[in-house]
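J.: Sequence:
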Amino acid sequence: MYLWIFFNTFKEARRAKDARRCPAQRRSEGMLAHRTVSLHSALILARLLPLDIRVREVAWLYEVKRGKDLGDTFVDRELERPVYFGDLPHPAHVPEIGYESVEDLDPQTVDRLAVVGPRIFTDGSRIEGKVGAALTEWRDGEETWYSTLRLDPFCTVFQAEMVALQRAIRRVKNGKDGLVNIFSDSRSSLEVLAGPKTCHPLAHEARRDISEIVAEGRAVRLFWVRAHAGIAGNERADELARRAALTKKTAADYDKFPLSYAKRVIRAASLEEWQERYAEGGTGEITKCFFPRVEQVYRVLRKTEMTSHLRKPLRDMAGSHSTYIGSN
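Heads up: the sequence shown begins at 1 in this note's numbering, then just goes up one per residue.
The hints are simulated quantities; they were obtained by calculation from the structure and are not laboratory data. Keep in mind that a hint or two might mislead.
No farther apart than 20 Å at their CA atoms in a straight line, the calculated lysine to aspartate or glutamate pairs in the DMTMM-like style are these [unchecked claim]:
(1) Lys256 to Asp76
(2) Lys176 to Glu143
(3) Lys263 to Glu143
(4) Lys176 to Glu216
(5) Lys130 to Asp253
(6) Lys263 to Asp253
(7) Lys130 to Glu63
(8) Lys130 to Asp152
(9) Lys176 to Glu191
(10) Lys65 to Asp87
(11) Lys256 to Glu78
(12) Lys263 to Asp87
(13) Lys173 to Glu128
(14) Lys263 to Glu63
(15) Lys130 to Glu239
All figures in this text were calculated on a predicted structure; none of them were measured in a lab.
Sequences are here, hints too, so could you generate the full structure?
T.: Written out as C-alpha coordinates, the structure reads:
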(Lines of atoms letter the chains of each structure in order from A; the text may use other names.)
(Lines give C-alpha, C1' and ligand atoms only; values in the text may rest on other atoms or scores of the structure.)
Protein backbone atom coordinates (compact mmCIF):
# COMPACT_ATOMS: atom_id res chain seq x y z
CA MET A 1 0.00 0.00 0.00
CA TYR A 2 2.81 2.41 0.89
CA LEU A 3 4.46 1.69 -2.44
CA TRP A 4 1.20 2.53 -4.22
CA ILE A 5 0.89 5.81 -2.29
CA PHE A 6 4.48 6.69 -3.15
CA PHE A 7 3.86 5.83 -6.79
CA ASN A 8 0.76 8.05 -6.95
CA THR A 9 2.61 10.89 -5.21
CA PHE A 10 5.46 10.56 -7.66
CA LYS A 11 3.04 10.63 -10.59
CA GLU A 12 1.33 13.76 -9.24
CA ALA A 13 4.67 15.49 -8.77
CA ARG A 14 5.75 14.49 -12.27
CA ARG A 15 2.43 15.70 -13.69
CA ALA A 16 2.77 19.04 -11.90
CA LYS A 17 6.33 19.41 -13.18
CA ASP A 18 5.17 18.70 -16.73
CA ALA A 19 2.38 21.25 -16.31
CA ARG A 20 4.99 23.87 -15.40
CA ARG A 21 7.33 22.82 -18.19
CA CYS A 22 4.83 22.98 -21.10
CA PRO A 23 4.07 26.74 -21.01
CA ALA A 24 7.76 27.46 -20.45
CA GLN A 25 8.68 25.40 -23.50
CA ARG A 26 6.07 27.18 -25.60
CA ARG A 27 7.44 30.55 -24.52
CA SER A 28 10.95 29.31 -25.36
CA GLU A 29 10.08 28.27 -28.92
CA GLY A 30 11.93 31.29 -30.24
CA MET A 31 15.13 29.61 -28.98
CA LEU A 32 14.11 26.18 -30.40
CA ALA A 33 14.49 24.61 -26.96
CA HIS A 34 14.04 20.82 -26.90
CA ARG A 35 11.55 19.11 -24.61
CA THR A 36 14.43 17.74 -22.50
CA VAL A 37 15.56 21.21 -21.46
CA SER A 38 15.69 21.60 -17.68
CA LEU A 39 12.62 23.10 -16.05
CA HIS A 40 14.64 25.85 -14.35
CA SER A 41 16.29 26.95 -17.59
CA ALA A 42 13.01 26.86 -19.51
CA LEU A 43 11.24 28.95 -16.88
CA ILE A 44 14.08 31.45 -16.60
CA LEU A 45 14.51 32.00 -20.33
CA ALA A 46 10.73 32.14 -20.84
CA ARG A 47 10.51 34.72 -18.01
CA LEU A 48 7.86 32.70 -16.21
CA LEU A 49 7.39 32.07 -12.50
CA PRO A 50 7.02 28.46 -11.36
CA LEU A 51 3.33 27.59 -11.40
CA ASP A 52 3.00 27.01 -7.65
CA ILE A 53 4.64 30.36 -6.85
CA ARG A 54 2.39 32.10 -9.35
CA VAL A 55 -0.70 30.49 -7.81
CA ARG A 56 0.30 31.64 -4.32
CA GLU A 57 0.97 35.12 -5.71
CA VAL A 58 -2.54 35.39 -7.15
CA ALA A 59 -4.06 33.99 -3.94
CA TRP A 60 -2.11 36.48 -1.79
CA LEU A 61 -3.26 39.41 -3.93
CA TYR A 62 -6.85 38.17 -3.67
CA GLU A 63 -6.58 38.06 0.12
CA VAL A 64 -5.11 41.57 0.23
CA LYS A 65 -8.06 42.84 -1.80
CA ARG A 66 -10.35 41.27 0.78
CA GLY A 67 -8.62 43.05 3.66
CA LYS A 68 -5.75 40.79 4.67
CA ASP A 69 -2.54 42.51 5.81
CA LEU A 70 0.07 42.91 3.11
CA GLY A 71 2.84 41.98 5.50
CA ASP A 72 4.27 42.56 8.97
CA THR A 73 5.36 46.07 7.99
CA PHE A 74 1.84 47.04 6.91
CA VAL A 75 -0.33 45.65 9.70
CA ASP A 76 -1.67 49.14 10.45
CA ARG A 77 -2.18 50.12 6.81
CA GLU A 78 -5.07 49.36 4.50
CA LEU A 79 -5.51 49.06 0.77
CA GLU A 80 -6.98 51.97 -1.16
CA ARG A 81 -10.12 50.14 -2.25
CA PRO A 82 -12.52 51.33 -4.93
CA VAL A 83 -15.95 52.41 -3.76
CA TYR A 84 -18.56 49.66 -4.02
CA PHE A 85 -20.82 50.47 -6.97
CA GLY A 86 -23.89 50.11 -4.75
CA ASP A 87 -22.61 53.03 -2.63
CA LEU A 88 -22.27 55.38 -5.60
CA PRO A 89 -24.93 58.12 -5.79
CA HIS A 90 -27.61 57.98 -8.43
CA PRO A 91 -26.40 59.78 -11.59
CA ALA A 92 -29.42 62.08 -11.45
CA HIS A 93 -28.26 63.36 -8.05
CA VAL A 94 -24.72 64.22 -9.17
CA PRO A 95 -24.04 67.48 -11.04
CA GLU A 96 -22.12 67.30 -14.29
CA ILE A 97 -18.45 67.84 -13.53
CA GLY A 98 -15.91 68.97 -16.08
CA TYR A 99 -12.72 70.96 -16.35
CA GLU A 100 -11.20 73.53 -18.68
CA SER A 101 -7.63 73.65 -19.99
CA VAL A 102 -5.51 76.78 -19.83
CA GLU A 103 -1.95 77.27 -21.04
CA ASP A 104 -1.41 80.53 -19.18
CA LEU A 105 -3.20 82.89 -16.82
CA ASP A 106 -2.39 86.11 -18.62
CA PRO A 107 -5.04 88.89 -18.48
CA GLN A 108 -6.42 87.96 -21.91
CA THR A 109 -6.99 84.32 -20.86
CA VAL A 110 -8.51 85.38 -17.54
CA ASP A 111 -10.95 87.72 -19.32
CA ARG A 112 -11.80 85.17 -22.00
CA LEU A 113 -12.61 82.45 -19.44
CA ALA A 114 -14.18 84.92 -16.99
CA VAL A 115 -12.03 83.67 -14.12
CA VAL A 116 -13.22 85.60 -11.07
CA GLY A 117 -12.95 84.93 -7.36
CA PRO A 118 -10.39 83.05 -5.26
CA ARG A 119 -7.97 80.61 -6.89
CA ILE A 120 -6.64 77.43 -5.29
CA PHE A 121 -3.62 75.70 -6.86
CA THR A 122 -2.83 72.07 -6.04
CA ASP A 123 0.15 69.82 -6.70
CA GLY A 124 1.71 66.53 -5.65
CA SER A 125 5.36 65.53 -5.62
CA ARG A 126 7.54 62.48 -5.16
CA ILE A 127 11.21 63.17 -4.51
CA GLU A 128 13.99 61.06 -2.96
CA GLY A 129 11.51 58.30 -2.20
CA LYS A 130 9.20 60.62 -0.26
CA VAL A 131 5.75 61.90 -1.22
CA GLY A 132 4.06 65.20 -0.47
CA ALA A 133 1.15 67.35 -1.62
CA ALA A 134 0.13 70.96 -1.21
CA LEU A 135 -2.56 73.51 -1.94
CA THR A 136 -2.27 77.28 -1.94
CA GLU A 137 -5.04 79.88 -2.08
CA TRP A 138 -4.64 83.19 -3.88
CA ARG A 139 -6.79 86.34 -3.80
CA ASP A 140 -6.11 89.47 -5.85
CA GLY A 141 -2.74 88.10 -6.95
CA GLU A 142 -1.48 87.39 -3.42
CA GLU A 143 -1.19 84.14 -1.49
CA THR A 144 -3.55 84.22 1.50
CA TRP A 145 -3.37 80.62 2.76
CA TYR A 146 -1.60 77.33 2.11
CA SER A 147 -1.51 73.78 3.42
CA THR A 148 1.09 71.01 3.07
CA LEU A 149 0.41 67.29 3.31
CA ARG A 150 2.68 64.31 3.84
CA LEU A 151 1.88 60.91 2.36
CA ASP A 152 3.50 57.61 3.22
CA PRO A 153 6.46 56.73 0.95
CA PHE A 154 4.59 53.88 -0.75
CA CYS A 155 1.96 56.29 -2.10
CA THR A 156 2.08 57.39 -5.73
CA VAL A 157 2.24 60.85 -7.27
CA PHE A 158 -1.27 60.27 -8.59
CA GLN A 159 -2.50 59.70 -5.02
CA ALA A 160 -0.75 62.90 -3.93
CA GLU A 161 -2.43 64.86 -6.73
CA MET A 162 -5.82 63.37 -5.85
CA VAL A 163 -5.41 64.11 -2.13
CA ALA A 164 -4.53 67.74 -2.85
CA LEU A 165 -7.48 68.10 -5.23
CA GLN A 166 -9.89 66.51 -2.75
CA ARG A 167 -8.65 68.74 0.10
CA ALA A 168 -9.06 71.84 -2.07
CA ILE A 169 -12.67 70.93 -2.85
CA ARG A 170 -13.29 70.19 0.83
CA ARG A 171 -11.97 73.66 1.69
CA VAL A 172 -14.41 75.21 -0.78
CA LYS A 173 -17.27 73.23 0.78
CA ASN A 174 -16.35 74.38 4.28
CA GLY A 175 -16.00 78.02 3.16
CA LYS A 176 -18.53 80.67 2.22
CA ASP A 177 -17.31 81.86 -1.18
CA GLY A 178 -19.90 81.69 -3.92
CA LEU A 179 -17.38 80.75 -6.62
CA VAL A 180 -13.88 79.30 -6.30
CA ASN A 181 -11.48 78.28 -9.08
CA ILE A 182 -9.25 75.23 -8.55
CA PHE A 183 -6.18 74.70 -10.73
CA SER A 184 -4.30 71.40 -11.06
CA ASP A 185 -1.52 70.31 -13.41
CA SER A 186 -2.62 66.65 -13.17
CA ARG A 187 -4.89 65.91 -16.10
CA SER A 188 -5.28 62.28 -14.99
CA SER A 189 -6.66 63.37 -11.60
CA LEU A 190 -9.13 65.73 -13.23
CA GLU A 191 -10.22 63.02 -15.68
CA VAL A 192 -10.92 60.62 -12.81
CA LEU A 193 -12.82 63.30 -10.90
CA ALA A 194 -14.90 64.21 -13.96
CA GLY A 195 -15.74 60.59 -14.77
CA PRO A 196 -19.39 59.94 -13.82
CA LYS A 197 -18.74 56.26 -13.06
CA THR A 198 -15.51 56.66 -11.14
CA CYS A 199 -15.06 54.40 -8.12
CA HIS A 200 -11.87 56.02 -6.82
CA PRO A 201 -12.42 56.76 -3.10
CA LEU A 202 -10.86 60.23 -3.15
CA ALA A 203 -12.75 61.20 -6.30
CA HIS A 204 -15.94 59.86 -4.70
CA GLU A 205 -15.44 62.15 -1.68
CA ALA A 206 -14.66 65.12 -3.90
CA ARG A 207 -17.73 64.55 -6.09
CA ARG A 208 -19.91 64.32 -2.99
CA ASP A 209 -18.52 67.64 -1.74
CA ILE A 210 -19.16 69.25 -5.12
CA SER A 211 -22.77 68.05 -4.95
CA GLU A 212 -23.17 69.76 -1.57
CA ILE A 213 -21.55 72.95 -2.89
CA VAL A 214 -23.96 73.05 -5.83
CA ALA A 215 -26.93 72.28 -3.56
CA GLU A 216 -26.07 75.42 -1.57
CA GLY A 217 -26.23 77.52 -4.73
CA ARG A 218 -22.47 77.95 -4.94
CA ALA A 219 -20.00 76.77 -7.58
CA VAL A 220 -16.47 75.45 -8.06
CA ARG A 221 -14.65 75.57 -11.40
CA LEU A 222 -11.86 73.13 -12.25
CA PHE A 223 -8.94 73.96 -14.53
CA TRP A 224 -5.97 72.07 -15.89
CA VAL A 225 -2.79 74.15 -16.18
CA ARG A 226 0.50 73.16 -17.74
CA ALA A 227 3.17 72.44 -15.14
CA HIS A 228 6.22 74.71 -14.93
CA ALA A 229 4.71 77.24 -17.32
CA GLY A 230 5.57 80.20 -15.09
CA ILE A 231 2.17 80.45 -13.37
CA ALA A 232 2.94 81.81 -9.90
CA GLY A 233 0.30 79.80 -8.04
CA ASN A 234 1.29 76.53 -9.70
CA GLU A 235 4.99 77.12 -9.06
CA ARG A 236 4.22 77.88 -5.42
CA ALA A 237 2.16 74.69 -5.05
CA ASP A 238 5.01 72.68 -6.58
CA GLU A 239 7.50 74.24 -4.15
CA LEU A 240 5.26 73.49 -1.15
CA ALA A 241 4.64 69.89 -2.26
CA ARG A 242 8.38 69.24 -2.58
CA ARG A 243 9.00 70.82 0.81
CA ALA A 244 6.28 68.69 2.39
CA ALA A 245 7.82 65.53 0.93
CA LEU A 246 11.35 66.34 2.06
CA THR A 247 10.93 68.08 5.41
CA LYS A 248 7.53 67.38 6.96
CA LYS A 249 7.91 64.96 9.90
CA THR A 250 4.33 64.71 11.16
CA ALA A 251 2.14 61.64 10.84
CA ALA A 252 1.08 60.90 7.28
CA ASP A 253 -2.02 62.77 6.16
CA TYR A 254 -2.81 59.87 3.83
CA ASP A 255 -1.49 56.32 4.26
CA LYS A 256 -3.58 53.95 2.15
CA PHE A 257 -1.38 51.94 -0.18
CA PRO A 258 -2.37 51.52 -3.84
CA LEU A 259 -3.00 48.15 -5.45
CA SER A 260 0.06 48.68 -7.65
CA TYR A 261 2.26 48.77 -4.55
CA ALA A 262 0.71 45.57 -3.22
CA LYS A 263 1.49 43.89 -6.55
CA ARG A 264 5.12 45.04 -6.36
CA VAL A 265 5.57 43.74 -2.81
CA ILE A 266 4.00 40.39 -3.67
CA ARG A 267 6.04 40.05 -6.86
CA ALA A 268 9.26 40.84 -4.94
CA ALA A 269 8.45 38.07 -2.45
CA SER A 270 7.71 35.68 -5.33
CA LEU A 271 11.01 36.49 -7.04
CA GLU A 272 12.89 35.99 -3.78
CA GLU A 273 11.35 32.53 -3.36
CA TRP A 274 12.02 31.70 -7.03
CA GLN A 275 15.64 32.87 -6.66
CA GLU A 276 16.19 30.59 -3.67
CA ARG A 277 14.74 27.61 -5.53
CA TYR A 278 16.69 28.46 -8.69
CA ALA A 279 20.01 28.79 -6.82
CA GLU A 280 19.57 25.56 -4.85
CA GLY A 281 18.33 23.51 -7.81
CA GLY A 282 20.64 20.94 -9.36
CA THR A 283 19.74 21.77 -12.96
CA GLY A 284 20.31 24.68 -15.31
CA GLU A 285 23.93 25.15 -14.24
CA ILE A 286 24.98 26.67 -17.56
CA THR A 287 22.10 29.14 -17.41
CA LYS A 288 23.17 30.13 -13.89
CA CYS A 289 26.63 31.03 -15.17
CA PHE A 290 25.11 33.70 -17.41
CA PHE A 291 22.14 34.68 -15.24
CA PRO A 292 22.81 34.08 -11.53
CA ARG A 293 19.83 36.23 -10.52
CA VAL A 294 16.31 35.64 -11.82
CA GLU A 295 15.43 39.33 -11.94
CA GLN A 296 18.52 39.90 -14.09
CA VAL A 297 17.22 37.74 -16.94
CA TYR A 298 13.84 39.50 -16.75
CA ARG A 299 15.51 42.86 -17.35
CA VAL A 300 17.82 41.61 -20.12
CA LEU A 301 15.42 39.52 -22.18
CA ARG A 302 12.59 42.04 -21.92
CA LYS A 303 14.72 44.46 -23.95
CA THR A 304 16.24 41.85 -26.28
CA GLU A 305 14.90 41.16 -29.76
CA MET A 306 15.25 37.46 -30.59
CA THR A 307 17.33 36.92 -33.75
CA SER A 308 18.94 33.93 -35.44
CA HIS A 309 22.29 35.00 -33.98
CA LEU A 310 20.94 34.70 -30.44
CA ARG A 311 18.96 31.48 -30.74
CA LYS A 312 21.86 29.03 -30.73
CA PRO A 313 23.77 30.47 -27.73
CA LEU A 314 20.54 30.74 -25.76
CA ARG A 315 19.42 27.20 -26.53
CA ASP A 316 22.94 25.93 -25.69
CA MET A 317 22.71 27.90 -22.46
CA ALA A 318 19.45 26.11 -21.70
CA GLY A 319 21.14 22.76 -22.28
CA SER A 320 19.49 21.90 -25.62
CA HIS A 321 21.78 20.03 -28.02
CA SER A 322 21.67 20.77 -31.73
CA THR A 323 21.17 17.09 -32.58
CA TYR A 324 17.78 17.26 -30.87
CA ILE A 325 16.53 20.03 -33.09
CA GLY A 326 18.21 19.03 -36.32
CA SER A 327 20.08 22.27 -36.96
CA ASN A 328 23.36 23.94 -36.08
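J.: Tell me if the straight-line CA distance from Lys65 to Asp87 falls inside 20 Å.
T.: holds (18 Å)
J.: Mind checking the alpha carbons of Lys130 and Asp253 for me, to see if they're no more than 20 Å apart?
T.: Judged against 20 Å, a Cα distance of about 13 Å means the pair holds.
J.: Decide if the proposed pair is consistent with the structure: Lys173 and Glu128, CA atoms, cutoff 20 Å inclusive.
T.: Cα-Cα ~34 Å, so violated.
J.: For a C-alpha distance cap of 20 Å, please report whether Lys176 and Glu216 respect it.
T.: holds (10 Å)
J.: Tell me if the straight-line CA distance from Lys263 to Asp253 falls inside 20 Å.
T.: Violated, at about 23 Å.
J.: Next pair to validate is Lys130 with Glu239; report whether the Cα-Cα distance is within 20 Å.
T.: holds (14 Å)
J.: Hint check: Lys256 vs Glu78, CA-CA at most 20 Å. Holds or violated?
T.: Within the cut-off at roughly 5 Å; holds.
J.: Is the Cα-Cα distance between Lys130 and Asp152 20 Å or less?
T.: With Cα atoms ~7 Å apart, Lys130 and Asp152 stay inside 20 Å; holds.
J.: Verify the proposed pairing of Lys263 with Glu143, using a straight-line Cα cut of 20 Å.
T.: violated (41 Å)
J.: Given the hint that Lys263 pairs with Glu63, test it: the Cα-Cα distance must not exceed 20 Å.
T.: The given pair, whose Cα atoms are some 12 Å apart, holds under the 20 Å limit.
J.: For Lys176 and Glu191, compute the direct alpha-carbon distance and say whether it is at most 20 Å.
T.: violated (26 Å)
J.: With the threshold set at 20 Å, check whether the alpha-carbon distance from Lys263 to Asp87 stays at or below it.
T.: Judged against 20 Å, a Cα distance of about 26 Å means the pair is violated.
In this structure, the earlier hints numbered 3, 6, 7, 9, 12, 13 are contradicted, and the remaining ones agree with it.
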